[in-house]
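Undergrad: The chain contents come next:
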Amino acid sequence: MIRSRSSFARARAGHPPGEPRRVAYLYLLPAFVVYAAFLLYPIGRAVQLSLFHWDGLSLGTWAGLDNYAAIVADEGLRDAFGHALVLIGFFAVGPLVIGLLLATILNHAKVRGLGFFRTVVFLPQVVAMVVVAVAWRRVYSADGTLNDLLGAVGLDWLARGWLGDYTFALPAVGVVGTWFETGLVTVLLLAGMSKIPIELYEAARLDGAGPVREFFAVTLPSVRGEIAVALTLTVIAALRTFDLVYITTEGGPGNSTSVPSYEVYHRAFELGQVGSAAAIGVTLTVVIFAISFVINRFADRSIT
Amino acid sequence: MISRGERLANYAILTVFAAFALFPILTVLLAALGLGESPGSGPVANFASAWEIGQFGTYLRTSLGVSAFVVVVSVLLSIMSGYAFGTMRFRGQSALFYLFLLGIMMPSEAIAVPLYFDLRTLGLTDTFWSVALPQVAMSVAFGTFWMRAYFRASSRAIVEAARIDGASVWRTLWQVLVPPARPAIVTLTLLIFMWTWNEFLIPLIMVTSESLRTAPLGLAFFQGQYTSDFTLLAAGSVIVATPVVIFYLFLQRHFIRGLLQGAVRE
Numbered sequence: 001m002i003r004s005r006s007s008f009a010r011a012r013a014g015h016p017p018g019e020p021r022r023v024a025y026l027y028l029l030p031a032f033v034v035y036a037a038f039l040l041y042p043i044g045r046a047v048q049l050s051l052f053h054w055d056g057l058s059l060g061t062w063a064g065l066d067n068y069a070a071i072v073a074d075e076g077l078r079d080a081f082g083h084a085l086v087l088i089g090f091f092a093v094g095p096l097v098i099g100l101l102l103a104t105i106l107n108h109a110k111v112r113g114l115g116f117f118r119t120v121v122f123l124p125q126v127v128a129m130v131v132v133a134v135a136w137r138r139v140y141s142a143d144g145t146l147n148d149l150l151g152a153v154g155l156d157w158l159a160r161g162w163l164g165d166y167t168f169a170l171p172a173v174g175v176v177g178t179w180f181e182t183g184l185v186t187v188l189l190l191a192g193m194s195k196i197p198i199e200l201y202e203a204a205r206l207d208g209a210g211p212v213r214e215f216f217a218v219t220l221p222s223v224r225g226e227i228a229v230a231l232t233l234t235v236i237a238a239l240r241t242f243d244l245v246y247i248t249t250e251g252g253p254g255n256s257t258s259v260p261s262y263e264v265y266h267r268a269f270e271l272g273q274v275g276s277a278a279a280i281g282v283t284l285t286v287v288i289f290a291i292s293f294v295i296n297r298f299a300d301r302s303i304t
Numbered sequence: 001m002i003s004r005g006e007r008l009a010n011y012a013i014l015t016v017f018a019a020f021a022l023f024p025i026l027t028v029l030l031a032a033l034g035l036g037e038s039p040g041s042g043p044v045a046n047f048a049s050a051w052e053i054g055q056f057g058t059y060l061r062t063s064l065g066v067s068a069f070v071v072v073v074s075v076l077l078s079i080m081s082g083y084a085f086g087t088m089r090f091r092g093q094s095a096l097f098y099l100f101l102l103g104i105m106m107p108s109e110a111i112a113v114p115l116y117f118d119l120r121t122l123g124l125t126d127t128f129w130s131v132a133l134p135q136v137a138m139s140v141a142f143g144t145f146w147m148r149a150y151f152r153a154s155s156r157a158i159v160e161a162a163r164i165d166g167a168s169v170w171r172t173l174w175q176v177l178v179p180p181a182r183p184a185i186v187t188l189t190l191l192i193f194m195w196t197w198n199e200f201l202i203p204l205i206m207v208t209s210e211s212l213r214t215a216p217l218g219l220a221f222f223q224g225q226y227t228s229d230f231t232l233l234a235a236g237s238v239i240v241a242t243p244v245v246i247f248y249l250f251l252q253r254h255f256i257r258g259l260l261q262g263a264v265r266e
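Residue numbers (UniProt numbering), protein chains in the order written: chain A, 1 to 304; chain B, 1 to 266.
These are calculated hints, taken from the structure and not from any lab test. No false leads were mixed into what you were given.
From the derived model, a few chain B residues whose C-beta atoms are all more than 10 Å from chain A: (1) Ser49; (2) Phe128; (3) Ala181; (4) Val186.
Simulated DEER-style distance windows between Cβ atoms: (5) B:Asp165 / A:Val97: 52 to 62 Å; (6) A:Leu206 / B:Ile104: 37 to 47 Å; (7) A:Gly161 / B:Val44: 25 to 35 Å; (8) A:Ser194 / B:Asp165: 33 to 43 Å.
Computed from a predicted structure; not experimentally measured. Yeah, the Cβ is synthetic: ideal placement off N, Cα and C, and Gly gets one too.
Bound-form chain B, shown alone (with noise of 0.2 Å):
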């Protein structure tokens, strides 16, 4: 039904953004290779400069850590909290609903400002917990939303099952309820891990030493010191971005669906 005109327009548009979207990640992504830059630097050289002039080992190590921690702490505290919104009646549960919900909104702006001068007061700044404990906060806000509307969807025949079974509300969580949440539970920590290893205002200002330093800000303050050799900090922002793009790619046909049924479910 679609002309031939229509449909070559069609491509033609698709065409055209699909090249902007990939234009910027390609210029540093040719640039880190060597290509097209000054010659006889490859990307083997680019990589290896990068690594050792930029000490991306050690900003690597520190985000996997706090990444690890963050995500495995706000999926189990948000299954938990999920699960009591999701399945469970109690006195004034729709108010600290709404009081997690305010949390999905709050700007990390708003938040950061006291939290670091409190945590300097406890002399907790420039810690792993002054980066990890913010996130994980942000993180439990949502991932209990996302967790009660997986919950509540779930069949309530099954629950009503075990429990005449005698299982107990633990085992009814961990082993009726959550195997078939796995898809729910895999978009999540996607989703966490994603926005922690791409958080950059928390750890900017709540870590002064170079061992504490995540991926991204380690970044920022190399290109402070480089703006001049664009290979090496295209190697370093290739080093940045690969683990989440590997994630991405891998998982995206899954990660794409499970965000989009749970960003319209309610």
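Same shape as in the complex, but just chain A (with noise of 0.2 Å):
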């Protein structure tokens, strides 16, 4: 077999494994024009769309980057992507800081129902976020859990609807972000935290390292790769929040809790701006691709 052979002396030369084959394209083109036709083509016809004035009926104008400009210079629009920014705080910081400080805890206390408590904090994740906003609402309306949670520690003064309220509605909405992205990445961690092999804490511990040292010196350096991807996937799921927004607030009031998703939808479908919203959508897949890719250079370089 003089074909097995010269692959494993391309194996050698640090090529990828495979045999030359044309057969692959065969095997790519179901995938492929699936792909192509509801992932590729749309998001060409995104950036199309978003160059023109259309109202979804008649016949569009040519805007230029009018559409783009405008989300600069749109007082809504800008508050709509500085919310984006405020959500990635609460969906993407607060959960990496919680979830370091669980996985830690589980990783090295060994502690009884580890098992039972990785299944319920991931447990969000698993419901449909449509189920997620109705629970969420009821523990925020004005009658909910949260102002009965108050009044019983006798901070009734605090209470209000929490939804409903200018100053509190975004963060609200946040803190339902935070719950449901914490699990995903306490079990990414976790995952990182069980492959460090424990020779390196014994050896900080003969150092005289307390646990705070150990946790900066040896934990978080062993689970950057860990991070990447939690903030990767929490980033992107702050940047495309939508079904919660509109079951949660619709956005409001006023427009508090508007989120570049969000106003996708309200503007193709509610106001008949289809050019901006097919702007603020191309936009928003930039911004996601761009946070990306800062993300995973910066956990690769710092790996190496």
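Bring the two chains, given one by one in their own frames, into a single complex with the hints.
TA: Take a look at the structure:
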């Protein structure tokens, strides 16, 4: 088998595995056809639509980059992107901090009920966001569970309809994100930490490191890859929050909880500003690509 | 080596977070079971009236149909494309792979708008296909990435041996590579099922007729109509969430492990 010998030679030379094979195209074809028709072509069309003013019915007119300029100029749109940044704090940064704490405890302390705890904190990921939103609406409502709790500890004066409050609506939506993503982050970090050799911890202890120094010197550098994966997933989730906002606040009160993905829907299907919606969608895509790229570049560099 | 105080603090922190994670879910579950709400309404009555008033039977049927189609088609196509990327070499390989990779990050918000208007022109909105096919496209992007990673790592020697024995490319895939890949395929199946079942935006914009509403979409409309009756809404929520939660609880060990291996492999 001359072919297999040459493939070994290539493997040694650092090539990717596999034989040169034309039949590969046949295996790719079905997946590629669906992918191209329902994802690649539409994103191209989104770019095209974003260059027009179009109400979805009549003939569109050329807009050039007007729809993109509006993202900077239009206060409502600027706010929506600003809110998305706030949500990144709640969806990504918060869960990362809490997840590091929880995973460190779980990894280190050999607690009983690890499996139960892991199952429970991951559970929110599995439940449909619509159900999550219905549950949290109940928690946040004027006669809801959160206000009951506050009343029980004598903090009645704090009670309010949380999702209808100009100041608190966005953080309230954000907390749902923290609740939703913390389990995912914890489970990811836990997997990374369980691979750290115990000798590293013993060496740190011998050097006289306390739990805090041990965490920064041993644990944290070892889970950089997992942190990158966790941040990529949660930041994307923060930027794509649609169903949560749609069910809990519809962007209100005012536009205090409006986010880009909600604006895409609102403009395209409620206001008839299809071009503007497409431009927001394209911008969102570019932002997501850029952020994922930066996070993963950073992780790669710090590993090597 | 851990002091009693530290251990107690650990358990306290874990308990607080377990309670935080369960609290909203329990709020819904207890209300659906008729506990702590209006007395006299039992769980059976709640679910029965939600089922009838909310037409959740219809929504579940649609969701099951869409999910089954998306899962079966995406997994099959992903196995084939992952096989090509993972074990063969061909011109344009890396360019094509990066093209698929883009699809993993592409937000459905960006493609939903042009898809709706183009499918409307073709008269395909408000059909099963307008809900299912875009989701196949999104799942195939991830599935290709997932199966490629698995097949790349699987032993070269096995593939070589199959070839020497005269197995065709097709048989090598299904009889040699796929059987040991079962855990990876199960995890992929669960992930795609979960994403498809829970998807909201695509059905929201593509579908107007009630019979084509998926379960989460049905719940959203139900919520708009019955905001005052939380017991009924809670029962509906439980109906919508249960299929995925059951799968998760059954397979959570394999599921979480598979997820982690896939996520951190590359």
